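**Q** Residue numbers for the sequence shown follow our numbering, so the first one is 1 and each next one is one higher.
No lab work stands behind these hints: they were computed from the structure. Predicted, not measured: the structure shown is a model, and the values here were computed from it. Glycine included, every Cβ here is placed at the ideal spot set by N, Cα and C.
The calculated label-pair distances, taken between Cβ atoms and stated as ranges, are:
(1) 135 with 250: 42 to 48 Å
(2) 199 with 137: 37 to 43 Å
(3) 54 with 77: 35 to 41 Å
(4) 192 with 139: 47 to 53 Å
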Amino acid sequence: MSVNATLERVGSWTLSRLEEAGAAARLLARVGRSLARLRWEARETVLQMSRAGADSVPIVLLTGLFSGMVLAYQTSSQLLRLGGEGFVGGLIAVSMAREAAPVFTAVTVAGRVGAGFAAELGTMVVTEQVDALTVMGVDPVEFLVVPRTLALVSMLPALVLLANAVGSVGGYAVSVLAGVPGTTYLQSVRQFLDLHDVLGGLVKAAAFGFLVALVACHKGLRASGGAAGVGRATTGAVVGAIAWVLAANYFLDVLLF
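My request is simple: use the sequences and hints to build the entire structure.
**A** See below:
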């Protein structure tokens, strides 16, 4: 491959990334403007809250339970060797509240709900339903994007609370089976876990919900090329949302903890 061809490909890739970043920024601005004006479809918002929240409960409970169990298995097996059983409960509780529950729940929701958002909006784009809404004088962002964003921002913290609860139960059970006294475990939780840890995790969950919704809707609204294009948009939404969640997790940790 010649130097000119390489430079052309690099330039084309750079321009496409810049164009996509600009489109995402415009979508973000339109969402913010709609929220500031309190303009969105209430019925659609409630529907999306049900789909994003209630329908996600089983998989979130499963993810949270096994996350807590794995944390308990790893920490108790190591700390018991060092005589540190008094730290097991606190370590598991803080890890679940700050990291495991928010991140794993967000990744799960990105794969389940984010993919659905992208596929649904992508299908509406390629079948010209979004154009029909515009012709009828309906703002697609207010009708489609804002309700989905509000749904994830409001429901993801609730899902994280559920993941925290079942993760703590699973962690307690595994720790007790490993030889940690139940009273010691609970005393450790009371000693090391405070409200700041829980609230920080909920703030992270709300931020993750906003990112997942924005990325998924952005990818869906930019779908083109029929069924194959919808598939590409869905894949891009899941990959992009997970990447943004993991990146944002670091910066939120620095800010919150």
